[in-house]
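Engineer: Just so you know, the protein sequences line up as chains A and B, in that order.
In terms of our numbering, the first sequence has 152 at position 152, counting the first letter as 1, and numbering is strictly consecutive.
In terms of our numbering, the second sequence has 63 at position 63, counting the first letter as 1, and numbering is strictly consecutive.
No lab work stands behind these hints, which were simulated from the structure alone.
Cβ atoms here follow ideal geometry from the backbone N, Cα and C, with glycine treated the same way.
There's no promise every hint is true.
Stated by the list, open to error - Taking beta-carbon pairs under 8 Å as the criterion, some of the chain A residues facing chain B (in silico): (1) I27; (2) L31; (3) A35; (4) T50; (5) S53; (6) E55; (7) L57; (8) A163; (9) E174; (10) S180; (11) D241; (12) T302; (13) G303; (14) L305; (15) V307.
There are 2 protein chains.
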Amino acid sequence: MSAALNARSTVDGTNVAALMTSAPHRIVANLAGPAVLAADLAGCLGRIGTIASAEPLIVSDVVAGVVGGGKRLRPLLVLATAYAAAAPLDPRARDRAVQAGAVVELLHLASLVHDDVMDESATRHGVDSVNIREGNIRAVLAGDYLLAQGLLAGSSLGAEEGAVAARTFSRLCEGQARESAALFDVDRTEESYLEAISGKTAALLATACRLGAMAVGLPADAVEALAAYGHHMGLAFQLVDDLLDVTSSAEALGKPAGHDIVEGVYTLPVVHALRERPGLRELLRRGDRAAAAVAVRVVRETGGLDVTRRAAEAHSAQAIDALSAAAEHLSPAGRTMLAELADVLVERRH
Amino acid sequence: MSAALNARSTVDGTNVAALMTSAPHRIVANLAGPAVLAADLAGCLGRIGTIASAEPLIVSDVVAGVVGGGKRLRPLLVLATAYAAAAPLDPRARDRAVQAGAVVELLHLASLVHDDVMDESATRHGVDSVNIREGNIRAVLAGDYLLAQGLLAGSSLGAEEGAVAARTFSRLCEGQARESAALFDVDRTEESYLEAISGKTAALLATACRLGAMAVGLPADAVEALAAYGHHMGLAFQLVDDLLDVTSSAEALGKPAGHDIVEGVYTLPVVHALRERPGLRELLRRGDRAAAAVAVRVVRETGGLDVTRRAAEAHSAQAIDALSAAAEHLSPAGRTMLAELADVLVERRH
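Just chain A, with the same shape it has in the complex (with noise of 0.2 Å):
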């Protein structure tokens, strides 16, 4: 299949009816009703698959696949927040919404696909990497276009869009800093991993949530309000990633449980294991697989796991209070939703 049809195909309606069977993303239909969410969805997709099919020397079939894959949960948080501020849209708002959520989406992508430089890990998503396939000059244009669209995109909103579009990318890069200069630091701080977290997952949800209630033309308090949900909510998302990385069995995820600590990323689970057993200092320093299996065993014996579940329902309750900021510009049923979305996010297992 060209690169072009495999871009398009990938991110066409199909895969939009996949998703619809996920948790969040019932959460959000049973407000605006499963249509048109799955409408929305296909707007953002669709916006995507026509930039990523415009250029098949930049994105190529394997490119594709990445731009194909993933669970859109920042489009489908940016569609939340309009709606939960005033479903049903108006067309310009439903447009302007769309039109974010194709931005957020694309911002992600784009560090996904240069991740894949940076990353060693020989998959994503069941995908052979794009480094492996296709070398890190395909990997760097691609991310490197994907993220101009994006910012285009987020132009084409506004300039104060297309500044938050732009701050949040910087943000990314700055939380990915923060990670690369912890890598195999036993002595990382809870601190250094909170920072790092809020760059490279809590900065694009905030601003999920902000476009979403920028298109709905919301005023800034509420605006505040609501990305200030969206951040705690990705730490509340980036912490349970972290947890099941260490709980899960390699089938639930996909990948070897411990992968984060095979490369080298001491999350909060093994930040606190480290404090309870010195011991595993000179098992993490011994840096091959055979440990980092044991280092995964220890890990999930200690209070490690109780600290990161707890900081995780802290800040989704944190998401939750946030919500009282904006309430009056929430219908009830909307707050029921966003409240209910930051529960989901905790809850889920995979």
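Could you slot chain B onto chain A? The hints should help.
Structural biologist: Structure of chain B alone, referenced to chain A:
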């Protein structure tokens, strides 16, 4: 020296003083006054230095070497275009032109840093390549950060300027992809070459002039005319670069002559030489450095050099012609200065 200090010191006023001796800078200084040009260039570089030094984890010493180097031709073009229309600039126009200069230079630097991931060349501007000294991770992140900050600075000028900056970086990617797709292609056409350099080089020079014209509030038709001037100047500039890569000594270039040939980038002199000398195909197909050295000598004997020189002169002339459509918005001295700039960039010998 710390990365932050290094990033600041390499883009401070000392460098600007050295730049002012080059022919293009002298031409612009003749119109605007050397003190004004030096202050405005220092303003552009100061903004870049602030961005670079804000994130020492990302913009490390080595990246700072790239950030601190180069001829600053792109900000010079922004300023030259603004001066040609409205020297002396009022404070608002001056601030916008300085900001636009920082935007185009940041896009250029992001592209250079990412080239280091893509490029196997050992050195750039005499500094060990970022790729070799720090690895791909740092280079990808640093380029992403500079790009995001460049587009953020673009959005600060307005939604249209943000969109122009994002679209331009997308064009850079397209040009780079076209060049990559044609690597080692002995059947490469002149059209393929021109498409690649239109994106890779001319798009950003066109944008420099476009943003310079927008900074002083010129009407749309004059902005388009000045962008066309920049586009043709960019083509001429790259044609001369590609000519010099074949004709210059290693000393003058700071890298071995025929570097592009070794890398598989067959530029216009080579594309033409391949038509004149079918034996060249076999030489290029061998692909080793010895064969490349012979190939350079063969290319030097062909009409490809004249063809390339004439193409550069033709685009320089087209750049000057494009100024007529903006004539009523340029001072006579400003128009003469821009024409001289187009001439001098073709006449350069290194």
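Engineer: With reference to the structure, classify each hint as holding or not holding.
Structural biologist: Results for each hint:
no. : hint : result
1   : I27  : violated (32 Å)
2   : L31  : violated (31 Å)
3   : A35  : violated (32 Å)
4   : T50  : violated (13 Å)
5   : S53  : violated (14 Å)
6   : E55  : holds (6 Å)
7   : L57  : holds (4 Å)
8   : A163 : holds (4 Å)
9   : E174 : holds (6 Å)
10  : S180 : holds (6 Å)
11  : D241 : violated (21 Å)
12  : T302 : violated (29 Å)
13  : G303 : violated (31 Å)
14  : L305 : violated (29 Å)
15  : V307 : violated (26 Å)
The structure fails to meet hints 1, 2, 3, 4, 5, 11, 12, 13, 14, 15 from the earlier list, while all remaining hints are met.
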